[in-house]
Amino acid sequence: MNKSSHRLPNSEPESNLLAFLPPVDYPSESEERRQVAGILETALPGRPSFLVYVTEMYRQIGFRHLFRDLTEIVFVLLLGIGVWIFTALFAMEQRNTELAYTFIFTVSPLLYLVVSVIFFAELRRRDTYAVEMSCRYNVYQLASLRMLMFAAVCLVLNALLVGLISAAYGRVDMLRGLLLSASSLMLFAAAFLYGMLRGKNAAMRYLWVVAWPMLNLVTAIAQPAFYHLLLMQVPLYVYALLFAAGVWGYIRQIRRMIAIRSGVLF
Amino acid sequence: MLTVHGVGKRYGNARVLEGLDLEFGKGVYGLLAPNGAGKTTLLKLLAGLLPPTEGEILYEGQPLAVLDERYRLILGYLPQRFGYYPNDTPLKYMQYLAAIKGMDRRKALSRSEELLDLVALGEVKHKKMKTFSGGMIQRVGIAQALLNDPRVLILDEPTAGLDPKERARFRSLLTQLGRQRTVILSTHVVSDVESAANEIVMLQGGKLWVKDHPEAICKLLAGRVYEAQLTDTEIEDFRTRYVLLGERSEPGGWKLRFAVEDGTVPADSWQGVEPGLEDVFLYVYRDRQPGNVPSGTIWGDEVRL
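Heads up: the sequence lines are chains A and B, in that order.
Numbered as in the working numbering, the first sequence ends at 422 without a single skipped number.
Numbered as in the working numbering, the second sequence ends at 364 without a single skipped number.
Check each hint, because a few of them may be wrong.
Sample of chain A residues at the chain B side, in silico, Cβ under 7 Å [unchecked claim]:
1) Arg215
2) Thr227
3) Thr284
4) Ala286
5) Val312
By construction, these hints were calculated from the structure, which means they are not laboratory data.
Every residue, glycine too, gets a C-beta built ideally from N, C-alpha and C.
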């Protein structure tokens with residue numbers, strides 16, 4: 157191609173030359189912002205994966221600083237375990253296998269619930285919020301790491317307690333008990349965290365705490381055959397799938413919490 | 060460089076800040092305004108703790124929201140109400156904050172000790188903070204803000220609770236800090252920033268009124284500040300006619316410091332004095348009623364009193 161063909165005739169005044177150019181559609185402000193965000197997204201180093209991020213966060217903060225209120229947590233957990241065992245003994249005394257499974261499914265989120273509720277109540281009360289929010293790992297990122305660990309610890313403790321029930325009361329199938337417990341805990345935890353993050357007021361945030369036992373109780377009383385069928389006859393893989401769905405939902409909420417940058421929730 | 064571009068902030072229907080355009084480079088910036096003028100809100104916006112309702116804040120050309128954690132890595136912040144765990148020692152608390160600031164653990168210990176020495180708390184670093192006075196707590200707050208050697212240091216009323224000796228020490232520290240980083244502090248104690256700040260930012264009705272060197276701001280009142288010795292009977296007349304900037308009791312009457320409207324012919328007995336930043340502050344924010352605009356006005360790019 158002839159190079160000169162790219163040149164505009166320079167004998168014309170500039171304003172006339174511009175008239176030959178096609179009109180330019182300038183992007184809207186929102187489009188400009190979107191494109192700038194896209195450029196930044198490409199240019200800046202990307203966020204590490206969730207697992208890498210939380211592992212790195214834990215490595216940097218350490219157990220001692222992450223659980224600075226360890227004494228209170230242990231005390232609350234012991235109290236929860238006490239209530240768990242006491243109600244388990246009551247359930248076993250009835251010599252009713254259906255009741256034992258109902259108990260496992262309904263009460264499994266208890267430990268998680270007490271630790272979490274106390275943690276969130278404390279989070280609002282303390283006045284270190286502003287200074288902690290200005291740190292690299294802010295209040296919500298710390299909270300998400302703690303919630304992740306609470307869930308893991310509660311899964312292990314629940315498994316031990318189900319094992320105890322199974323050993324003491326021979327008619328409870330160990331594997332079914334473990335899957336019931338794990339799936340109920342993770343489904344509850346995901347819904348609990350969803351409520352905490354999305355609830356516009358205290359009633360909405362804690363709705364699930366009341367709804368969970370009520371839902372189980374009402375179903376067990378109103379539709380006992382259906383409820384016991386759900387707990388005792390549904391194939392185990394369904395509970396494994398429910399557990400996986402609970403874990404997925406929970407991690408999703410934890411990731412949302414990690415991304416919170418400002419404002420007061422809970 | 061920290062850039063505030065068209066920033067406004069609302070809480071519900073209440074507009075706290077409006078159309079702020081500011082730039083902060085290296086140096087010390089004093090934010091002066093009366094209580095309730097939006098100083099704390101502006102500092103929270105600059106610290107990334109609050110999102111602006113409109114406009115954006117950029118650090119080195121990038122929005123704080125995009126920088127997120129990377130901005131907090133280079134940020135030091137002292138909130139107006141510095142919270143602490145009463146059962147912690149200052150050293151333990153500093154180490155905790157160093158951990159969540161993402162600092163290396165070995166460095167965190169030495170840096171914490173070094174900073175506690177700097178704020179003269181080295182000898183009580185193992186004592187529980189519940190036994191500390193307000194001034195000591197405030198000094199822990201100043202020390203923690205410096206933990207990660209921040210490039211942007213935001214201090215909300217850092218001298219609250221400090222005694223005169225500690226204030227003087229702090230001012231000297233401020234001057235040193237401002238040489239290598241951006242330091243923005245709010246205060247209503249004018250003397251805290253008069254000598255240490257490179258620039259003063261004054262807000263008026265949620266908008267920027269002036270951002271300039273202290274000397275330039277003082278010149279706004281040049282030739283209009285006087286002192287006079289008055290009797291008890293004369294003083295009431297002065298109070299109604301002029302803007303009172305200070306008064307002290309003297310044998311046989313009062314010594315009054317006051318500012319007059321532009322064009323006022325001074326009496327022979329008045330003694331003209333150099334205006335200070337506090338004079339400007341008192342003049343601008345005099346008789347401030349909620350909703351009323353203070354007396355300073357902006358004419359185009361020019362600020363007048």
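Evaluation of the provided hints:
Evaluation of the Arg215 (chain A) hint against chain B yields a violated restraint, the C-beta minimum of about 10 Å exceeding 7 Å. Here the hint on Thr227 (chain A) is broken, as its CB sits about 11 Å from the closest CB of chain B, past 7 Å. Using the Cβ-Cβ criterion of 7 Å, the hint placing Thr284 (chain A) at the interface with chain B is satisfied: the shortest such distance is roughly 4 Å. At a threshold of 7 Å, the smallest CB-CB gap from Ala286 (chain A) to chain B is about 4 Å, leaving the interface hint in force.
Below 7 Å, beta-carbon pairs count as interface contacts, and Val312 (chain A) has none with chain B, the closest being about 25 Å; its hint is therefore violated.
The structure fails hints 1, 2, 5 (numbered hints given earlier, in ascending order).
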